[in-house]
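Engineer: Okay, here's what each chain looks like letter by letter:
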Amino acid sequence: MDTELVGQRVVLRTDRRPDDATLVDDFTPELVDVGAHHLCPGCGEPIAIRSAVECIAELGAVERTISVFGIGCYTAFSNNLDIEVLQALHGRAPSLATGVKRMRPDALVLTVQGDGDMVNEGLQEVLHAAARGENITCVLLNNGVFGETGGHITSTTVLGQRTKNTLDGRDAERDGYPILIGDLIASMGGTAYAARGAVNDAGNVARTRRMLAAAFATQERGEGFSFVEILTMCPTGWFIETQESPDYLADVIAGTHQIGVLKGGDVPKGDR
Amino acid sequence: MARRLMEGSEAIAEAMVAVDCRFFAGYPMTPFTEILERMAEFLPPVGGVCMNAESELEAIGMAWGAAATGARAATGSTGQGLALMQESISEMCTARIPLVVINMGRGQGDYFQATRGGGHGDYRTPVLAPSTVAEAVELVPLAFDLADRWRNPVLIYGDYYLGHTSQAVEVQSKDHASTGRAVADKPWALDGSTGGSGRAKLLSSLGEAKQRDGVGYDLAEHLERAGAATLEMGAGIEPFCDVGHCDDADLVVVAFGTIGRFVRWVVKELRSEGHRVGYVRPITLFPFPTEAVVEAAAGARSVAVYENNLGQMIDDVRLSVLGSCPVEFIGGLSMDSSGFGVGPEIDAPKIRARILAELERVEAR
Chain A
0 MDTELVGQRV VLRTDRRPDD ATLVDDFTPE LVDVGAHHLC PGCGEPIAIR
50 SAVECIAELG AVERTISVFG IGCYTAFSNN LDIEVLQALH GRAPSLATGV
100 KRMRPDALVL TVQGDGDMVN EGLQEVLHAA ARGENITCVL LNNGVFGETG
150 GHITSTTVLG QRTKNTLDGR DAERDGYPIL IGDLIASMGG TAYAARGAVN
200 DAGNVARTRR MLAAAFATQE RGEGFSFVEI LTMCPTGWFI ETQESPDYLA
250 DVIAGTHQIG VLKGGDVPKG DR
Chain B
0 MARRLMEGSE AIAEAMVAVD CRFFAGYPMT PFTEILERMA EFLPPVGGVC
50 MNAESELEAI GMAWGAAATG ARAATGSTGQ GLALMQESIS EMCTARIPLV
100 VINMGRGQGD YFQATRGGGH GDYRTPVLAP STVAEAVELV PLAFDLADRW
150 RNPVLIYGDY YLGHTSQAVE VQSKDHASTG RAVADKPWAL DGSTGGSGRA
200 KLLSSLGEAK QRDGVGYDLA EHLERAGAAT LEMGAGIEPF CDVGHCDDAD
250 LVVVAFGTIG RFVRWVVKEL RSEGHRVGYV RPITLFPFPT EAVVEAAAGA
300 RSVAVYENNL GQMIDDVRLS VLGSCPVEFI GGLSMDSSGF GVGPEIDAPK
350 IRARILAELE RVEAR
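Residue numbers (numbering that gives the first Met the number 0), protein chains in the order written: chain A, 0 to 271; chain B, 0 to 364.
These are computed hints drawn from the structure, not numbers from a lab.
Just so you know, even glycine gets a beta-carbon here, dropped at the ideal spot from N, CA and C.
Computed footprint of chain A on chain B; a stretch qualifies when at least three of its residues, placed anywhere within it, have a C-beta under 8 Å from a C-beta of chain A:
#1 21 to 29
#2 50 to 56
#3 184 to 195
#4 202 to 208
The whole structure should be built from the sequences, with the hints applied where relevant.
Structural biologist: Structure below.
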């Protein structure tokens with residue numbers, strides 16, 4: 000094995016392919032074209048996207064799903080899925096999804112956006128879509144940073160969180176407070192379902208999948224706007240060790256953006 | 000269908016619905032508002048959707064989404080609102096998605112915005128500039144056809160007068176009555192059905208390749224393709240205009256839209272009095288009717304440009320004649336306190352006086 004001892008840790012070398020490397024099994028999920036994605040090691044976004052497409056498959060909606068992607072790291076998946084994708088500008092996915100759904104009411108329509116996309120650039124889009132009770136599902140991948148530009152502060156960065164342009168941590172007096180977008184959306188009349196999950200451990204992944212399934216079910220019943228915020232790890236943008244990022248998510252990010260169903264829902268009681 | 004007296008906004012809206020526009024989104028703004036009102040009235044009875052968007056950003060985003068499903072979609076505003084839509088207009092050109100965008104402008108100060116645009120990257124949008132309600136009704140089907148044919152947003156550029164003038168017009172519906180055919184002609188449009196096929200559709204400004212093609216995003220190739228399509232569109236659309244009395248004219252006056260209508264009337268009047276003056280009224284502002292302007296100017300001693308702005312189309316006129324004859328600006332702003340571009344200078348006697356003064360100046364040379 001190409002491993003080396005770094006301090007107390009055994010590290011698998013990733014700078015070159017081990018000579019004896021063989022693929023034990025192909026774990027690429029059904030609707031993801033290529034499993035070897037382009038995102039950083041430890042990134043939570045692939046798990047979140049995989050969870051979403053698996054829910055679509057379980058729902059039996061693969062052949063009538065239209066997804067709308069925003070602009071961020073996760074855009075690396077917009078041409079890597081076997082569901083139809085419409086690419087939006089940064090911030091604008093809920094509007095495009097509105098036009099899609101109004102013209103194709105039988106389609107399952109979802110958006111995939113990051114926190115920079117949805118909460119910074121496109122806040123009014125998602126809020127108005129929620130207020131209208133637009134019968135779409137908006138999925139937010141919230142890692143609290145602009146990951147793609149290298150870890151800069153967003154509207155969801157929690158107090159004290161270090162980013163590239165708040166090196167000493169987000170300071171309320173200087174940088175203001177994070178927007179708790181899930182709670183904001185849950186407060187709106189047109190929102191039928193809102194939940195905040197995470198992908199930092201297997202339990203939360205399973206829980207998040209139930210939230211996604213509940214959100215899609217809400218749309219299928221025509222009940223109105225559904226929303227799932229998914230807290231994802233961004234070790235690169237958080238400037239911490241990859242292995243530490245799930246705990247950082249649980250201890251720091253989720254301390255402010257609290258995990259749970261925020262409105263509506265047909266998920267088991269334990270998830271409320 | 001018989002001719003009916005209709006306000007421009009109503010006629011344009013009816014013409015859009017008649018050629019199967021089934022989605023419209025807008026945000027109220029004078030003098031565009033009445034088109035939104037009419038679309039809200041006309042679309043639901045035919046199964047269409049009209050959205051009262053939260054802003055012009057959302058309006059064009061919604062229309063983008065609707066257009067992506069293959070439906071004929073449109074949005075609009077006045078120049079201020081179109082300023083907000085620029086990012087989407089340019090991105091839709093790169094993503095190759097058809098759309099009709101109506102600018103009921105305040106005056107003619109949006110000529111550069113319409114023909115050059117304020118978006119990003121290499122893109123162009125065909126621009127149609129009707130001068131009467133009847134002409135607008137004829138240009139609406141062309142706008143949708145051009146948008147579909149070239150997979151590109153197309154602008155219709157009017158003004159307060161066009162939107163609020165009433166004229167007896169007949170709106171012809173196209174030979175196909177439903178959206179079915181229009182959608183069938185758009186193999187790129189999304190309906191979800193290719194999901195799970197191994198080749199699910201992607202409609203993106205970032206390229207058409209999928210990760211499974213092993214090339215990541217083919218952005219460089221896509222921009223080349225989109226750029227080539229843009230150039231092909233510019234060369235493939237036949238520019239057209241209204242030309243009159245230019246054969247032995249000493250002075251050719253170039254004007255478009257509402258002003259073009261005034262200029263045509265004034266030139267006709269001056270001709271009947273024996274003055275050697277002609278006019279060219281570009282109807283496609285992009286592509287610009289360069290050849291027609293060159294031909295009209297060939298025997299003239301000078302060309303004058305009358306626009307209700309500080310001089311914008313004059314650049315295209317100068318680029319057309321390439322220094323072969325003088326090109327003078329005789330237009331200008333015409334504003335009152337409303338700012339709607341309906342001021343006192345849009346008046347036949349005043350326009351006549353400016354043309355006559357220019358003609359005398361040219362003939363005195």
